[in-house]
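J.: So the sequence lines, in the order shown, correspond to chains A and B. When we follow this note's numbering, the leftmost residue of the first sequence carries the number 1, and every step to the right adds one. When we follow this note's numbering, the leftmost residue of the second sequence carries the number 1, and every step to the right adds one.
Hints listed in this document are in silico derivations from the structure and should not be mistaken for laboratory results. It is possible that some hints are incorrect.
[Claimed, not checked] Partial chain A-side listing against chain B, Cβ under 8 angstroms, derived:
| no. | residue |
| --- | --- |
| 1 | Leu223 |
| 2 | Leu226 |
| 3 | Leu236 |
| 4 | Val239 |
| 5 | Gln241 |
Built from N, CA and C at the ideal position, the CB exists for glycine as well.
Here's the letter readout for the chains.
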Amino acid sequence: MKAPLAIRVADCAYNLWTSSPEAEAFFRRAYAACLGEPVAAASRITLIPADDAWQARRDGIVLGDGDLVRTMALIEWELLRNAVQEQSTCAVFHAAWVASGGRAVVLAGEGATGKSGLCLELLPQGFLLGAEDAAFFQADRLVPFPRALQLRAGDPTLATADVERLFPGCDGRLCVEVRREETAGILDVRTATVIFLDPAEAGRGPYGDGPKPPDPLIPLDPLSALRRMFSLCFRLDRVAQATFEAITSLAASGRMFALSRDTASRCIPDIMERLA
Amino acid sequence: MPRRRRLKPSLLMTEKDDMLFALDVDTGRVHEFNLTAKVIVQLFLDPRDETEAAAEYARTFRIPPQQALEDVRFMLERFESNGLLAASGEAE
Chain A
1 MKAPLAIRVA DCAYNLWTSS PEAEAFFRRA YAACLGEPVA AASRITLIPA DDAWQARRDG
61 IVLGDGDLVR TMALIEWELL RNAVQEQSTC AVFHAAWVAS GGRAVVLAGE GATGKSGLCL
121 ELLPQGFLLG AEDAAFFQAD RLVPFPRALQ LRAGDPTLAT ADVERLFPGC DGRLCVEVRR
181 EETAGILDVR TATVIFLDPA EAGRGPYGDG PKPPDPLIPL DPLSALRRMF SLCFRLDRVA
241 QATFEAITSL AASGRMFALS RDTASRCIPD IMERLA
Chain B
1 MPRRRRLKPS LLMTEKDDML FALDVDTGRV HEFNLTAKVI VQLFLDPRDE TEAAAEYART
61 FRIPPQQALE DVRFMLERFE SNGLLAASGE AE
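With the rest of the complex left out, here is chain A (with noise of 0.2 angstroms):
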């Protein structure tokens, strides 16, 4: 077998090894921006053949096997779910990021809010991206974890992605190709801004039918600000003094936000602009 693709999680290293052209290919693609050097104390992941199937394994534990595509689905998800559940010393945010003039502005949302469609949107506007559903908090820094953005097939804002950059999930998704000079380095949390996305009114603007309010930002009080935000996170036992301080001098500094989906794309470089 080849070398392994070494795969960076946040702080999170993987080798992984795979007899399968179509595999390693998607790999490579999906997670370019997240190469590195092997690293021996990283974990093994293996997707091999087994009989008729493929069977992916992670450091020895049978993952589950199945056809190559499903596998290779199976493989995505440990290695986020490691990542987030076991061996990251980050606490881990429901969140994406981006970065413009070395700050980073965090768009927290469950799923399904938008966050890889304004990723998208934001990409060809300057911005640098972090991550694009999960942010790694390490103490008051932000870790990034620039894999490929994943989106439905439906979603409108693909319209807007070049074509050549565009390949098939292993989940059902598209996903679209993240290049190693579009992404961010590591930031410090207490120069971010925070954004929580709310979802517009199906069929409707984004304010109704009323008149349209004159700022679409809206201030949250640091205590709302803060339960928002930890409700996030997917591990509060990671969550670091140092990393409680900084995200609660964003809430009392008045650097977290609600915004509308709708209009975040037009607005953030404003509010960039404006915080700056």
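Given chain A, put chain B in place with the hints provided.
T.: Okay, now just chain B, sitting in the frame of chain A:
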């Protein structure tokens, strides 16, 4: 013998301006305390009974002992109802 109480060890705390914020990493709940409450919170970071805490609180704010005791009891009830106190066995 008066019962000694203390706050749960699972609380992360930080002060911003005059406010104290606490995150209970067991439950995910975030709490906010004003200046007065903050002082009482800080008194129960170590195990104390209400009389000891009230004496310290009265000295800090220069208020009558009976009023201090009432404030401390009120806050202890709030801590209790919000699940912020350590279980009896953990308090000592």
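J.: Provide an ascending list of the numbers of those earlier hints which the structure does not satisfy.
T.: Hint check: nothing fails, all pass.
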